[in-house]
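Chemist: Sequence:
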Amino acid sequence: MKLGFIGMGNMASALAGGFIRSGKLAPADIIAFDPYTEGLLKKAEQLGFTPAGTAAEAVKSADVVLLACKPHQVETAIAPIRDLLRDKALLSIALGWDFAKYQTILPGDARVQFIMPNTPAMVGEGVFLFEQTHSLLAEELQAVKALFAAVGKVSTLPSHLMEIGGALTGCGPAFVDLMLEAFADAAVKYGIPREQAITLTAQMVLGSAKLQQETGLHPGVLKDMVCSPGGSTIKGVTALEQAGYRAACISAIDAIMKK
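Counted from 1, the sequence shown has number 148 at position 141 by the working numbering; the numbering is strictly sequential.
Hints in this document: simulated from the structure, not taken from any laboratory. Remember, predicted model here, so these are calculated numbers, not experimental data. Do not rely on the hints blindly, as some may be mistaken.
Straight line, CA to CA, 27 Å or less: simulated DSSO-like cross-link-like pairs of lysine-lysine [to be verified]:
{"id": "1", "residue 1": "Lys242", "residue 2": "Lys217"}
{"id": "2", "residue 1": "Lys196", "residue 2": "Lys242"}
{"id": "3", "residue 1": "Lys160", "residue 2": "Lys77"}
{"id": "4", "residue 1": "Lys265", "residue 2": "Lys108"}
{"id": "5", "residue 1": "Lys67", "residue 2": "Lys108"}
{"id": "6", "residue 1": "Lys230", "residue 2": "Lys196"}
{"id": "7", "residue 1": "Lys160", "residue 2": "Lys95"}
{"id": "8", "residue 1": "Lys230", "residue 2": "Lys160"}
{"id": "9", "residue 1": "Lys9", "residue 2": "Lys95"}
{"id": "10", "residue 1": "Lys95", "residue 2": "Lys152"}
{"id": "11", "residue 1": "Lys49", "residue 2": "Lys77"}
{"id": "12", "residue 1": "Lys217", "residue 2": "Lys230"}
{"id": "13", "residue 1": "Lys9", "residue 2": "Lys77"}
{"id": "14", "residue 1": "Lys67", "residue 2": "Lys95"}
{"id": "15", "residue 1": "Lys152", "residue 2": "Lys31"}
{"id": "16", "residue 1": "Lys67", "residue 2": "Lys31"}
{"id": "17", "residue 1": "Lys77", "residue 2": "Lys31"}
{"id": "18", "residue 1": "Lys152", "residue 2": "Lys217"}
{"id": "19", "residue 1": "Lys95", "residue 2": "Lys31"}
Simulated restraints on C-beta separations [as the list claims (entries may be wrong)]:
{"id": "20", "residue 1": "Ile199", "residue 2": "Ser166", "range": "44 to 50 Å"}
{"id": "21", "residue 1": "Gly227", "residue 2": "Ile199", "range": "24 to 30 Å"}
{"id": "22", "residue 1": "Pro42", "residue 2": "Ala255", "range": "37 to 43 Å"}
No residue lacks a Cβ here, since even glycine has one placed at the ideal position from N, Cα and C.
Can you make the complete structure from the sequences, with help from the hints?
Modeler: Right under this line is the structure:
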């Protein structure tokens, strides 16, 4: 597969690097365009892909095009390459630009897949939500999912659930980071140095998530495994419940969905 990037910001470069490190693509399989030439050339030197002088050059050289610009830039980015996308597979990671919306600006024979990534993709632990409605060929979809699976978990959602899916997996890392910072603050309060407190907390969160993934146990079961009768942990859990911990988590998602 020859993959052409339109846009080479932080997320795009994380994906390109992940695809290369996984062995799914060679540097020579990637060509990218970004209007910020200095940044593009720097990333091309670091990762070994081919920088393109124009978006058209990237599209013409690619089997699959990955549009990685900001949502408000999509129409401007598509305009000069619209006709070149005929009979091409276009992947988009621009928030809010789902399959239906692309049908209003693309030629009818362009094939589109909307994918919602998240920032942990930058370390190969992303979540990629694929919109169930798409127009890729079966073999294209299979190849694209295998490519993204090399840098994270791939999941498919119907169109009407993409927004809530994105709220959970796209915004969720910020909520986890806030929790991580708060627990590290508590450790600092009781004497652990800041850097060590962050390291310990991050590993605790990572290990807890991995334990759930590998055992498949319900989070409540895992919580109960730590809570001895009358022990320290259940006292801490009670304090969190009294402070509305669960309700606060749900309210964070509610706030996003009400925007």
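Chemist: Each hint needs a verdict: does it hold in this structure or not?
Modeler: Hint-by-hint comparison with the structure:
| no. | hint | verdict |
| --- | --- | --- |
| 1 | Lys242 / Lys217 | holds, 24 Å |
| 2 | Lys196 / Lys242 | holds, 19 Å |
| 3 | Lys160 / Lys77 | holds, 23 Å |
| 4 | Lys265 / Lys108 | holds, 21 Å |
| 5 | Lys67 / Lys108 | holds, 24 Å |
| 6 | Lys230 / Lys196 | holds, 24 Å |
| 7 | Lys160 / Lys95 | holds, 25 Å |
| 8 | Lys230 / Lys160 | holds, 24 Å |
| 9 | Lys9 / Lys95 | holds, 12 Å |
| 10 | Lys95 / Lys152 | holds, 17 Å |
| 11 | Lys49 / Lys77 | holds, 20 Å |
| 12 | Lys217 / Lys230 | holds, 14 Å |
| 13 | Lys9 / Lys77 | holds, 23 Å |
| 14 | Lys67 / Lys95 | holds, 10 Å |
| 15 | Lys152 / Lys31 | holds, 11 Å |
| 16 | Lys67 / Lys31 | holds, 21 Å |
| 17 | Lys77 / Lys31 | holds, 26 Å |
| 18 | Lys152 / Lys217 | holds, 22 Å |
| 19 | Lys95 / Lys31 | holds, 20 Å |
| 20 | Ile199 / Ser166: 44 to 50 Å | holds, 46 Å |
| 21 | Gly227 / Ile199: 24 to 30 Å | holds, 29 Å |
| 22 | Pro42 / Ala255: 37 to 43 Å | holds, 41 Å |
The structure fails none of the hints (numbered hints given earlier).
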